[in-house]
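> Construct all of the structure, not just a fragment, from the sequences and the given hints.
Letter by letter, the chains look like this.
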Amino acid sequence: MITLNRIKETKISKLIEDYPFLISFFEDNDLDITSKENLEIAEYFASFDEDEIEDKAIDGERYIMQIFEFINQMIAFLGQEEDNVQSISILPGNDKSGNREKFDKFTIKKGEIICIVGPTGSGKSRLLGDIEWVAQNDTPTNRKILVNEAKPDTKWRFSSSDKLVAQLSQNMNFVMDLSVYEFVELHAESRMVENKEDVINRIIEKANQLAGEQFTIDTPITSLSGGQSRTLMIADTAILSKSPIILIDEIENAGIDRKEALNLLLSEDKIVLMATHDPILALLGDKRIVIKNGGIDKIIETTDKEREILSELEELDRTLLSFRSRLRKGEILKK
Amino acid sequence: MNLITVSGPPSSGKTAVILKTIESLKKRNLKVAVAKFDCLYTDDDILYKKAGIPVKKGLSGALCPDHYFVSNVEEITKWGLDNNFDILISESAGLCNRCSPYIKGIKAICVIDNLSGINTPKKIGPMLKSADIVVITKGDIVSQAEREVFASRVNTVNPAATIMHINGLTGQGSFELSTLLYSEEDHVDSLKGKELRFPMPAALCSYCLGETRIGESYQMGNVRKMKLDD
Ligand SMILES: Nc1nc2c(ncn2[C@@H]2O[C@H](COP(=O)(O)OP(=O)(O)OP(=O)(O)O)[C@@H](O)[C@H]2O)c(=O)[nH]1
Ligand SMILES: Nc1ncnc2c1ncn2[C@@H]1O[C@H](COP(=O)(O)OP(=O)(O)OP(=O)(O)O)[C@@H](O)[C@H]1O
Ligand SMILES: [Mg+2]
Ligand SMILES: [Mg+2]
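Chains W and D, in that order, are what the protein sequence lines are. Reminder that position 303 of the first sequence reads as 303 in this note's numbering, one-by-one numbering, no gaps. Reminder that position 74 of the second sequence reads as 74 in this note's numbering, one-by-one numbering, no gaps.
Hints may contain errors.
Claimed, not checked - Below, simulated EDC-like cross-link-like pairs (lysine to aspartate or glutamate); rule was C-alpha separation at most 20 Å, straight line:
(1) W:K124 to D:D132
(2) D:K104 to W:E61
(3) D:K122 to W:D138
(4) D:K122 to W:E52
(5) D:K123 to W:D28
(6) W:K155 to D:D132
(7) D:K50 to W:D49
(8) W:K124 to W:D138
(9) W:K96 to D:E23
(10) D:K27 to W:E52
(11) D:K225 to W:D49
(12) D:K122 to W:D28
(13) W:K155 to D:E176
(14) D:K123 to W:D138
(15) D:K225 to W:E50
(16) D:K225 to W:D138
(17) W:K124 to D:E23
(18) D:K122 to W:E61
(19) D:K227 to W:D49
(20) D:K122 to W:E54
(21) D:K122 to W:D55
(22) D:K104 to W:D59
(23) D:K227 to W:E52
(24) D:K56 to W:D28
(25) D:K227 to W:E50
(26) D:K225 to W:D51
(27) D:K225 to W:D55
(28) D:K50 to W:E61
Quick caveat, the hints were computed from the structure, so don't treat them as lab data.
In structure tokens:
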């Protein structure tokens with residue numbers, strides 16, 4: 001591993017040859033290195049005059065420290081084995097009155113859909129928070145979270161690239177003036193995926209399979225419909241997000257095949273946690289956690305008997321949707 | 001007492017994050033107070049008071065609020081010590097994104113929001129680049145992809161910082177931030193002899209001093225000209 005002192009004495013050209021990702025460090029920090037590649041790092045930062053130092057707020061010592069930090073992070077990141085999160089387990093804590101939760105250990109495995117239900121203020125978000133922060137008896141609930149049945153790595157808390165939980169947002173607020181392709185490309189680049197183009201095309205293809213109406217790679221993201229942008233987000237999160245757990249706060253019903261959306265997430269080896277009070281989604285889950293007064297009150301497994309209701313509900317749902325689409329087309333509604 | 005400086009662009013969610021975080025700190029029986037610095041106007045002190053948090057407000061008027069902060073931080077610290085607070089949090093909004101009120105040896109938190117655009121981390125100077133903790137807010141109104149891209153940009157300009165995501169409306173993530181905020185080791189008795197992490201720009205020209213007339217003969221002090229010939 002390169003030391004701080006070695007960095008200072010290394011030529012920029014050599015550093016970039018060894019660590020090509022430093023190009024983005026210089027660019028994002030607005031540090032121009034053209035025609036200065038032959039300087040050693042310490043010389044480079046000493047080469048600015050007083051005006052430049054003041055204008056650009058250049059602090060050589062800090063930048064050198066940051067370069068050191070960045071190199072080490074990137075080496076760790078690039079050399080990393082794919083994280084293989086097979087399961088997460090919740091060990092019981094206390095509800096808001098201090099009573100111990102009545103289960104021994106609840107393990108959720110890859111490919112499972114778990115729903116979380118409970119009245120407002122009951123502690124659903126806190127449970128999700130415990131998982132995201134991999135609680136170690138150090139949150140208000142005193143729960144403990146295990147990853148692959150073992151005490152988890154602290155990176156899940158503090159690394160900016162390794163997060164245990166990705167969240168499918170309700171809202172989208174594309175503030176960027178980009179095409180669908182460019183948007184997904186930004187995400188792919190920040191993840192530094194290889195074969196970028198394949199990944200991007202796969203995401204757009206999958207999104208189109210879920211959406212009622214098709215869009216192309218050149219469509220500006222700001223002109224996507226609500227349903228289209230939701231499907232793009234689902235496909236993007238399923239395929240590009242590194243997090244093994246996907247958190248969903250309801251999936252709206254309009255313009256998107258929800259069952260297929262969940263299947264896409266599962267086919268990408270995710271664990272799905274869903275806070276929902278929609279009976280169709282709840283019955284698509286394998287189990288549901290019932291939260292009461294801050295604690296896990298019950299864990300209910302979806303039985304075949306319950307699933308029988310599912311086809312009935314789906315029929316109702318289809319009826320409702322077809323009326324909705326006829327309404328949209330300007331038809332007169334009749335039985 | 002621990003002193004914590006919180007800084008960030010206007011409306012990035014500083015007050016929202018501080019309020020939610022103090023809720024968690026109070027549950028640990030810590031006494032927390034806030035000092036708010038702004039230029040012309042702020043209602044933040046009312047919000048803090050409403051939450052039962054002791055607060056002092058400083059309006060810098062025509063002065064840069066960050067310069068004003070440095071000139072007053074010692075007195076504010078004394079106020080905190082005299083009142084036996086465990087934690088004193090300063091909130092200030094940088095105006096030009098160039099200064100930062102961070103002090104060596106004092107925990108520095110920068111609050112920025114996901115809405116400010118993907119290139120923002122590049123544009124913010126020492127306020128972001130020399131912070132110990134970077135809090136990113138308003139993740140609820142952007143997509144997972146935007147959150148990940150934004151966080152990765154922040155990490156590129158400040159790889160040493162701890163990056164936290166907090167929802168200022170629901171407080172999601174604020175408990176987690178609160179666990180990083182208080183330690184016996186960070187105790188301060190006085191700020192004498194402490195230094196800013198980064199010098200503030202010398203913005204002293206005749207216009208700083210109230211000159212209003214336009215023209216070369218009125219320009220004095222630190223004056224610099226654009227290069228117009230290509
Ligand atoms: N949707 C959303 N809104 C937020 C979030 N955090 C803060 N806000 C809102 O953003 C607005 C500005 O938040 P403040 O906390 O007042 O921001 P500030 O940085 O203290 O602003 P100044 O002190 O005026 O510079 C308020 O309306 C908040 O409710 C968030 O995570 N999500
Ligand atoms: N076991 C617990 N012990 C102590 N406090 C708890 C516990 N569980 C939850 N809380 C606290 O109760 C409050 C409400 O919980 P939370 O926000 O998770 O509810 P929710 O079910 O998500 O509500 P909503 O449906 O409104 O989103 C939070 O402040 C949370 O920290
Ligand atoms: Mg909630
Ligand atoms: Mg404020």
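> Determine for every hint whether it applies to the structure shown.
Okay, the hints, checked on the actual structure:
1. W:K124 to D:D132: 31 Å, violated
2. D:K104 to W:E61: 14 Å, holds
3. D:K122 to W:D138: Violated. K122 of chain D to D138 of chain W sits at ~35 Å, over the 20 Å cutoff.
4. D:K122 to W:E52: 17 Å, holds
5. D:K123 to W:D28: The given pair, whose Cα atoms are some 9 Å apart, holds under the 20 Å limit.
6. W:K155 to D:D132: 17 Å, holds
7. D:K50 to W:D49: 49 Å, violated
8. W:K124 to W:D138: With a Cα-Cα distance of about 17 Å, the restraint between K124 of chain W and D138 of chain W holds, given a limit of 20 Å.
9. W:K96 to D:E23: Holds. K96 of chain W to E23 of chain D sits at ~16 Å (cutoff 20 Å).
10. D:K27 to W:E52: Roughly 47 Å separates the two Cα atoms, so the pair is violated.
11. D:K225 to W:D49: 17 Å, holds
12. D:K122 to W:D28: 5 Å, holds
13. W:K155 to D:E176: OK: K155 of chain W and E176 of chain D at ~14 Å, within 20 Å.
14. D:K123 to W:D138: Violated, because 37 Å separates the two Cα atoms, which is more than 20 Å.
15. D:K225 to W:E50: 16 Å, holds
16. D:K225 to W:D138: 56 Å, violated
17. W:K124 to D:E23: Holds: K124 of chain W and E23 of chain D sit about 19 Å apart, inside 20 Å.
18. D:K122 to W:E61: 19 Å, holds
19. D:K227 to W:D49: OK: K227 of chain D and D49 of chain W at ~17 Å, within 20 Å.
20. D:K122 to W:E54: 17 Å, holds
21. D:K122 to W:D55: 14 Å, holds
22. D:K104 to W:D59: 14 Å, holds
23. D:K227 to W:E52: Holds: K227 of chain D and E52 of chain W sit about 15 Å apart, inside 20 Å.
24. D:K56 to W:D28: 37 Å, violated
25. D:K227 to W:E50: Holds, at roughly 18 Å.
26. D:K225 to W:D51: 13 Å, holds
27. D:K225 to W:D55: 13 Å, holds
28. D:K50 to W:E61: 43 Å, violated
When held up to the earlier numbered hints, the structure conflicts with 1, 3, 7, 10, 14, 16, 24, 28 and fits the remainder.
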